[in-house]
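From first to last, the protein sequence lines are chains A and B.
For reference, each letter of the first sequence is one residue, going 1 to 740 in this note's numbering.
For reference, each letter of the second sequence is one residue, going 741 to 903 in this note's numbering.
Which bits of chain B does chain A cover? Going by a derived footprint, with three or more residues having C-beta under 8 Å, they are:
(1) 782-792
(2) 822-828
(3) 845-858
(4) 878-885
None of these hints come from the bench; they were simulated from the model.
Think of the CB as a built atom: it goes at the ideal place given N, C-alpha and C, for glycine as much as any other residue.
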Amino acid sequence: MHIVGKAVPRKEGRDKVTGQARYIDDLHFPEMLYGTTIRSPVARGRIKNISFAGDIPWDEFVVVTAKDIPGENAVALILLDQPFLAEEFVNHPEEPILLLAHPDKYLLEEARRNVQLEIEPLPAIFSLDDSVNKKEIIWGEDNVFKSFHVEKGNVDEVWESADFIVEGEYRTGAQEQLYIENNGVIAIASPEDGVTVWGSMQCPYYIHKALLKLFNLPEDKIRVVQVETGGGFGGKEEYPSMIAGHAALLAWKSGRPVKIVYDRAEDMAATTKRHPSWTKHRTAVTRDGKLLGMEIDFVVDGGAYATLSAVVLSRGTIHAAGPYFCQNVRIKSRAVATNVPPHGAFRGFGAPQSIFALERHLNKVARTLGLSPEEFRRRNFIQEGQTTATNQVIHEKVDMDGLMNRAFELTDYHAKQKRFAEQNPTSRQKKGIGFASFMHGAGFTGSGEKYLESVVGAEATVEGRVRILAASTEIGQGTNTIFAQIASEALNLDYDSIEVAKPDTGNVPNSGPTVASRTTMIVGKLVESAVLGLKQTLISSGLLKENYTQADFAGACRSYIEQHGALKSSSKYKAPPGINWDDEKYEGDAYGAFAWAVYVAEVTVDTVTYEARVDDFLALQEVGKVIHPVLAAGQIEGGVAQGIGYTLFEKVVWKDGRMINNQMTNYIIPTAADIPPLRVFFEENPYLYGPAGAKGIGELPMDGPAPAILNAIEHATGMSINYIPLMPESLLEILGGERA
Amino acid sequence: MPDASRKVEINCTVNGERQTLHAYPMARLLDALREELRLTGTKEGCGEGECGACSVLVDGALVNSCLVPVLQVEGAEIKTIEGIASSEQLHAVQQAFITCGGAQCGICTPGMIIAAVNLLERTPEPNEAEIRTGLAGNLCRCTGYMRIFEAVVHACQSTEAKS
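Bound conformation, chain A alone (with noise of 0.2 Å):
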């Protein structure tokens, strides 16, 4: 019985498809008030004052501030700057300074209306620029919460020896993942019970660690619950540690539980959106086509607090190199901080940014050396037992070569490249044909995934039922799934008969977060040898054989729990053998396994309209094993989907550090009508230490389709945009202006 690798029903389906699946806002608790949150109209300033105004019964509601906090004023996360109520100062616009609640959310928002706020504005910056250059400082001592600084071979002797030297300046914008659900909690909270939180979350153990700090009590108080969750893809890594304080504070505060959840408009404004960027690349080539060295300079734009800053340059500043062997790399990074609302998790993580700047600037080299995009790539690919910028010595089959030819087989790439050079001199619509090549580190960046430590537990029942324990949650992508198939497959055992645990900090242990591709790699390897561990145990208490049918193993099960109690298993995490990472130097194996893509797209541009379409687009990725190809399949359509919204759809306007188009009539996302054909192919190469072979996949699709586009618009307009997103706005003032 093989379950691995087929398209089994998605464990959620039914419920999902009936309407019956319950998310945060179809829960209703006895006694509930509605809570909403009062922010800084100012991007920096201090707080003078605040009143209540209005024709408000202001006796019925309850008011949380700083100083009803009963433990400490931060969200604790990486450091502990931001607070969950601003005190004194501000420092973005939508930072929330008080807390409201009542039982008519209609009032409740009358209430809100009539805070007032006096605040005196102070200096504030808003943009990359002005940070680096210090217009201000508004964090620390130079606005810097983040530097890495990768160093491999000797950079500074390439340059005299170069044929050609060639620089290049990119830039990304921010990105708001638009989950179709919005953020939201309930919370019950009181001194003898403690707190209870349940919510719209990608991590409960993260909220479980910011409630502790911010009621000082112990762990075993503190229960943070997931129900289903309406699409996360990062927005709802962190921020709901946000979310979840202010309900609980209200709920604390009022004995009666407490509903948080946000509007459309309220979810924009005030949580995270993918960081904007900027990267510098020069880069030393020979006349052959051989890179002989790189120096990058990136710079992501953090906001107002440090959040995850630091772990989202991390793994933008590895993956800034590509899968490319070159002897001599530098790269410098840093987060800087602005007065915006924190940027955060947003699939891909650090990733897209950077490696769309490479993916561009490689065209702009091999054009300098006067070879093919492709042909260029082709002579540095690298190979297995090559090095990457931080000194990882590849071991696990790496074939991009072989990737590049099927991509442009299945594309009929060279054929349309030629056909539209041909058609397009003559027409009004400019077609062009462009490709990326990259690959994504699946699991925690370097020695992450050994300091999260990460444990899943299985557990059998006396009909032979296995249940896993995660706190992995199921958020779209298909965790249920995924978990119960290798379960299946490890045990050989029926899909049905696999239970999987509803994320809950008082029932499961700490699996991590659900981020990084690290759930069906990282986690599923756990799950593996959790259930493993079940039988391990009913075979050396002589109650089951190596080969088995389901009933053995249920018999098992019912005398084994007869005679000895529960039956029970966990699986901490270990290191694959040579896996090593030294912090200083940021050097040796940031990842377990990357996944190796080649991603083709292919544009019309209109050049009286200045509209660019995708017509069609092609991913090719070798992943490991894939463990259900439908949900895969659907990871990197989605992920493409959004690729394509990164890149010419979804601008986030700014006035004064706050997003201004924060509605879903003005910040656009792609349509059904919008969408090319995604046609997606997997390579399987099975990755040893993943789960029947599996490696991670989630973010992989985010990081193509940007550089794959703009190469193809590249093609299509001889024009060579270094920015995204590229609005028709600016594509007329490109072509338009080059035509006056």
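Since the structure of chain A is already known, use the hints to place chain B on it.
Frame of chain A, contents of chain B only:
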């Protein structure tokens, strides 16, 4: 015109059952369904008619229930996601969403299924362009839509096979 500040009685049929709603005249149909009837399968994504998560059928027409004042549904027949399956038997579109991977996080799914059911009622054998247009008012952030298109095609085929 009724007094906007006082609740009114509105009689309508929801998923085949007669209902009397008590709501402010300008209350959103979405809230009446979710809060008064506890039909929480209809979701709110944006509250301004852009995302389609709150799609329901009113007298057979596909509407965003966040934009419909409850006063407008007096005498109407409303169908929500809870009324799509007939008891245990899933509708062909629902089954196809499971088979083809059309639902990921599931939050857009009820609205998307309502839109797909409505499309097939109007156009039993839609071509690709008709499917795309028919679903263009329903945003999905997870799937990239490919598997939703496939589910609609699959539902047509399985309905044909049965008839």
